[in-house]
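Residue numbers (full-length UniProt numbering), protein chains in the order written: chain S, 1 to 622; chain R, 1 to 417.
If you're looking for bench data, these hints aren't it; they were derived computationally from the structure. Don't be surprised by glycine CBs; every beta carbon is placed ideally from N, CA and C. Among the hints, a few may not be true.
[To be verified] Simulated restraints, written as ranges between beta carbons of each label pair:
| # | chain 1 | residue 1 | chain 2 | residue 2 | range |
| --- | --- | --- | --- | --- | --- |
| 1 | S | S441 | R | S244 | 35 to 43 Å |
| 2 | S | P381 | R | R268 | 53 to 61 Å |
| 3 | R | D49 | S | G274 | 44 to 52 Å |
[To be verified] Now the stretches of chain R that chain S is said to cover, found in silico as 3 or more residues with beta-carbon under 8 Å:
| # | region |
| --- | --- |
| 4 | 6-15 |
| 5 | 36-42 |
| 6 | 221-233 |
[As the list claims (entries may be wrong)] Counterexamples of contact, computed for chain R against chain S with all Cβ distances above 10 Å:
| # | residue |
| --- | --- |
| 7 | D114 |
| 8 | D213 |
| 9 | S244 |
| 10 | V339 |
| 11 | R403 |
| 12 | D404 |
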Amino acid sequence: MSAHDYEALGLVAGLEIHQQLDTATKLFCGCPTEIRDPDDAARTFTRFLHPTKSELGELDDAALEESRVDREFEYLAYDTTCLVEEDDEPPHRLDREAREVVMQIASLLDMDAVDQAHVMRKLVIDGSNTSGFQRSSLVAQNGEIQTSDGPVGVEDLMLEEESAQRVEERDDGVLFSLDRLGIPLVEIGTRPDISSPEQAREAAETIGMLLRSTGKVKRGLGTIRQDVNVSIADGARVEIKGVQALDTIDDIVREEVGRQVELLAIRDELDDRGASVGETRDVTDVFEDTDSGVIGGALSSGGVVQAVPLFGFDGLVGREIQPDRRLGTEFSDHAKRHGAGGIFHTDELPAYGVTEEEVAALRDAVGAGEEDAVAIVATDPETAALAIDAVQARAETALSGVPEETRGANEDGTTRYLRPLPGAARMYPETDVPPVELDPSDVETPELLTEKVERYQSEFGLNAGLAEQVAYGRRMPLFERATDEGVDATFAAGLLESTLTELRRDDVAVGKLTEDHLLAVMHLVEDGELAKEGVNDVLTTISEDPSLSAEEAVEEAGLSGVSEEDVREAVVEVVERNAAQVEEQGMGAFSGLMGEAMGALRGKADGEVVSSVLREEIQKRA
Amino acid sequence: MNPGDRVRVERAGVTNEGVLMPSSTPEYLVVKLDGGYNVGIERDDADVDVLETDVYDVEEAQSESTTSEIAFDDDLPTVSLISTGGTIASTVDYRTGAVTAQFDAEDVLRAVPDLAGRANYRGRVVANILSENMTPDVWRDLADAIEAEIEAGTDGIVVMHGTDTMQFTAAAMSFVLDTPVPIVFTGSQRSADRPSSDNVMNAVCAVEAAKADCAEVLVCMHGSESDDVCALHRGTRVRKNHTSRRDAFQTVGAKPLGEVDYESEEIRFRRDYAARGETEFAVATDLNEDVDLLKFTPGMDLDAYAEFLRSRDLDGLVVEGTGLGHVHTDFIPVLEELVESGTVVTMTTQCLDGRVCDRVYDTGRDILDAGVVEAGNTLPGTAKVKLMWALANRDDAAESMTRDIAGELTQRSVPWE
Chain S
1 MSAHDYEALG
11 LVAGLEIHQQ
21 LDTATKLFCG
31 CPTEIRDPDD
41 AARTFTRFLH
51 PTKSELGELD
61 DAALEESRVD
71 REFEYLAYDT
81 TCLVEEDDEP
91 PHRLDREARE
101 VVMQIASLLD
111 MDAVDQAHVM
121 RKLVIDGSNT
131 SGFQRSSLVA
141 QNGEIQTSDG
151 PVGVEDLMLE
161 EESAQRVEER
171 DDGVLFSLDR
181 LGIPLVEIGT
191 RPDISSPEQA
201 REAAETIGML
211 LRSTGKVKRG
221 LGTIRQDVNV
231 SIADGARVEI
241 KGVQALDTID
251 DIVREEVGRQ
261 VELLAIRDEL
271 DDRGASVGET
281 RDVTDVFEDT
291 DSGVIGGALS
301 SGGVVQAVPL
311 FGFDGLVGRE
321 IQPDRRLGTE
331 FSDHAKRHGA
341 GGIFHTDELP
351 AYGVTEEEVA
361 ALRDAVGAGE
371 EDAVAIVATD
381 PETAALAIDA
391 VQARAETALS
401 GVPEETRGAN
411 EDGTTRYLRP
421 LPGAARMYPE
431 TDVPPVELDP
441 SDVETPELLT
451 EKVERYQSEF
461 GLNAGLAEQV
471 AYGRRMPLFE
481 RATDEGVDAT
491 FAAGLLESTL
501 TELRRDDVAV
511 GKLTEDHLLA
521 VMHLVEDGEL
531 AKEGVNDVLT
541 TISEDPSLSA
551 EEAVEEAGLS
561 GVSEEDVREA
571 VVEVVERNAA
581 QVEEQGMGAF
591 SGLMGEAMGA
601 LRGKADGEVV
611 SSVLREEIQK
621 RA
Chain R
1 MNPGDRVRVE
11 RAGVTNEGVL
21 MPSSTPEYLV
31 VKLDGGYNVG
41 IERDDADVDV
51 LETDVYDVEE
61 AQSESTTSEI
71 AFDDDLPTVS
81 LISTGGTIAS
91 TVDYRTGAVT
101 AQFDAEDVLR
111 AVPDLAGRAN
121 YRGRVVANIL
131 SENMTPDVWR
141 DLADAIEAEI
151 EAGTDGIVVM
161 HGTDTMQFTA
171 AAMSFVLDTP
181 VPIVFTGSQR
191 SADRPSSDNV
201 MNAVCAVEAA
211 KADCAEVLVC
221 MHGSESDDVC
231 ALHRGTRVRK
241 NHTSRRDAFQ
251 TVGAKPLGEV
261 DYESEEIRFR
271 RDYAARGETE
281 FAVATDLNED
291 VDLLKFTPGM
301 DLDAYAEFLR
311 SRDLDGLVVE
321 GTGLGHVHTD
331 FIPVLEELVE
341 SGTVVTMTTQ
351 CLDGRVCDRV
361 YDTGRDILDA
371 GVVEAGNTLP
381 GTAKVKLMWA
391 LANRDDAAES
401 MTRDIAGELT
411 QRSVPWE
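Take the sequences, apply the hints, and build the full model.
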């Protein structure tokens, strides 16, 4: 896609960033915020959801569209989930730790806390919340972050519950896992102050850095999600959901601008052609003897073919609007949303077993000429009717330009249609949770990661690279704890960043090492009870049996009980064995004997101790 | 400035625009922002501009009353929906923030569109109360309403009731009425204002049960945590055994009488029941309200209770004793005194499951000698309702407590059935 002049196009973008918090318990119950393997589920149950009206008596478009699909939801429950996640017990009060962390985040984003936070129910009836709504509360407003292209306003900060994890899509429903449901989640919405793809990425990176500065956010895939709102002057607001990787945000913005530009070009051309969308029609007869596998398959299981004539659309349905995505792909997304497998359209036919004669007959059947296009859906009668209506509606929108909608991010930077934009009506108060008075005054503003990088260099003498690696790394809180408790910073940084990486490369199950294990090992080294050279062995031993304490692991690894006398004894033995060499070379023999001495002690002893004893012993004889 | 007005509120440098909502505390203004969120803003130092009045009629929106026009279908049975209030027909009260009942039967049809096409409905509101506020007066009104519906030729009755005291009302109807049609109680444990509410499935299954052949007083509620099957419980043997779970209602001491499958609408019964039309309609609404239920617990101030009971001048007392049906030995003379003064005293057990048997231990034998009658395996709450009814309608109320009248007292203990 060619580079656009974003200013001329009137690009306006905003971010919505969702970040899971790493609190001890969930937002509305006492369950741990632990992700589980679906195979460990203790039990399952099934539910249906029914749309309800908001407090203002309105039904939400997005919710309604969702409810047209009658679906059964199955949920996996664990020994780490309770009745609250199952919507079989009222929520408990808003978690205190989450409240504290969110106030820290508010202060980092230079925001004003609201006087009284009200927990709302945000209607979500796709099954991802057992209740049929997501509990969410606006806790702060009016903030700002800086980017090299100027400040970006932060409109609001929400504290909400994470949804259940989708495990499996089924024909008639979805399987969800309850482990993730209820993990505290913050949602940060910026003002639409962003005017270039690069600025979008920088703003997202800055917010990510500020969030991680709290040391209380979850790390790893899926724990942070970015949504991007994009519009251009003549286009429409499009909300793009679920951008997983920070470094694709600029691509997403670029691609969406490109999409809107192309859709506007299509609109202009349709306008010139005086295009219009016709009535849908059943054209099953046309395909009675078809060789098309897809259509034939649908018909033989009682299906029908529905068609909609698109007058003046010829050639435009197949026009590319994003890499490998056409206007027809957009039609197809809408059809899929209603359960169809997709659509065919005349710009791509004859193909897929559909013959030229069939295409001609199809055009005849719906009164379409050469300048026109026809889109068809082949599936069971009910789905086909819904799907073709959806295609018809989307085609009509093409006449007026870019539809406002919610889209999902694809991995390649393109997007796909998800659902209409949700309206404000999807919120109503969560009456089971009383409003909370927020007190931002007793919150300490945490040190920023950028500040930590500086401090690690000036205070601990770490080099810039290692300082940044530690500060931005997921073990940063542990590093701080260790140095606070007197562990040497260089050693701690080396262990947490290099040693663990080495071990992981050697297939050691590093994930099984708890913070307490790592801290205890560091203390043993600090106290001289374990040689640095023995750290790898001890950590490996613990990873094989995480029930061991660090001390037990030292013993298990055979690294315990090396006193200075033991070292001297071993060194003396080495020196005596090589008496001739010592006499001949003096200190020149040091490095050769050092290796031998360390070997004799098999890593049980600290190299520095061994080296000073060896020096002494050589001097005695030289 | 009133709820429903569009306002701009400035406080401490922050400006918010939105619709003013009713507030539950005087210190805070509650504003619904355009994004849908409500925020509380301290009233002190807040500058409020009313931008537009009555943007929303908050009251109206909550109790919107479009008339449902449902055509009568001769091929469908008629089911009467009688509402007494409760979670199944409730919406949010924005003054207290709590969920209160404010729907009539018409609203239930609107709230539960899935009921459409299953029957012709007649709607009737007997009360609009939370079930903890239930009284014997309302029981009588309910019995009258059911009588009127049956006289009008209904094929079955669904009573929508709060879950807290549903078992008491169901027991009351079991004793008060002899019915030729099903009388099915239902409600919801999770409020109707949530998409996950159990109200839809419970109401649908209750209507199916009301169309079925079992002409008894039943409670129809979720049979498990899943939306798969509703259990049908006898009104005299059912108990709410959980505060919040969908499947809180259980038949004590046995499996439920039957089940309704939500998807297939199939109804299965496990045991014998009174079939539709088998029983002639009869109603006896007299209830003696001078009856109490007393739960005995260790450390109770026996003298204070003795004094209280003497002062009450009760016609009936149900004791919820320990184990097989015991109270502190020192309390037995008090019970004896009550019996001698003409109070019917009957023993039930706080074990809930199992049968009272006061012939096993000395304490029990002394209790029997004091003139207390054993209520068998009648549930304590059911026993209270039964005694109220028996004192008003039977010559020998004491003897009645030892015999089954409405399925409350089974002769055999077969919990596996």
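| query | Where does the structure disagree with the numbered hints, that is, which hint numbers, in rising order? | reply | Hints 2, 7 and 9 not satisfied by this model.
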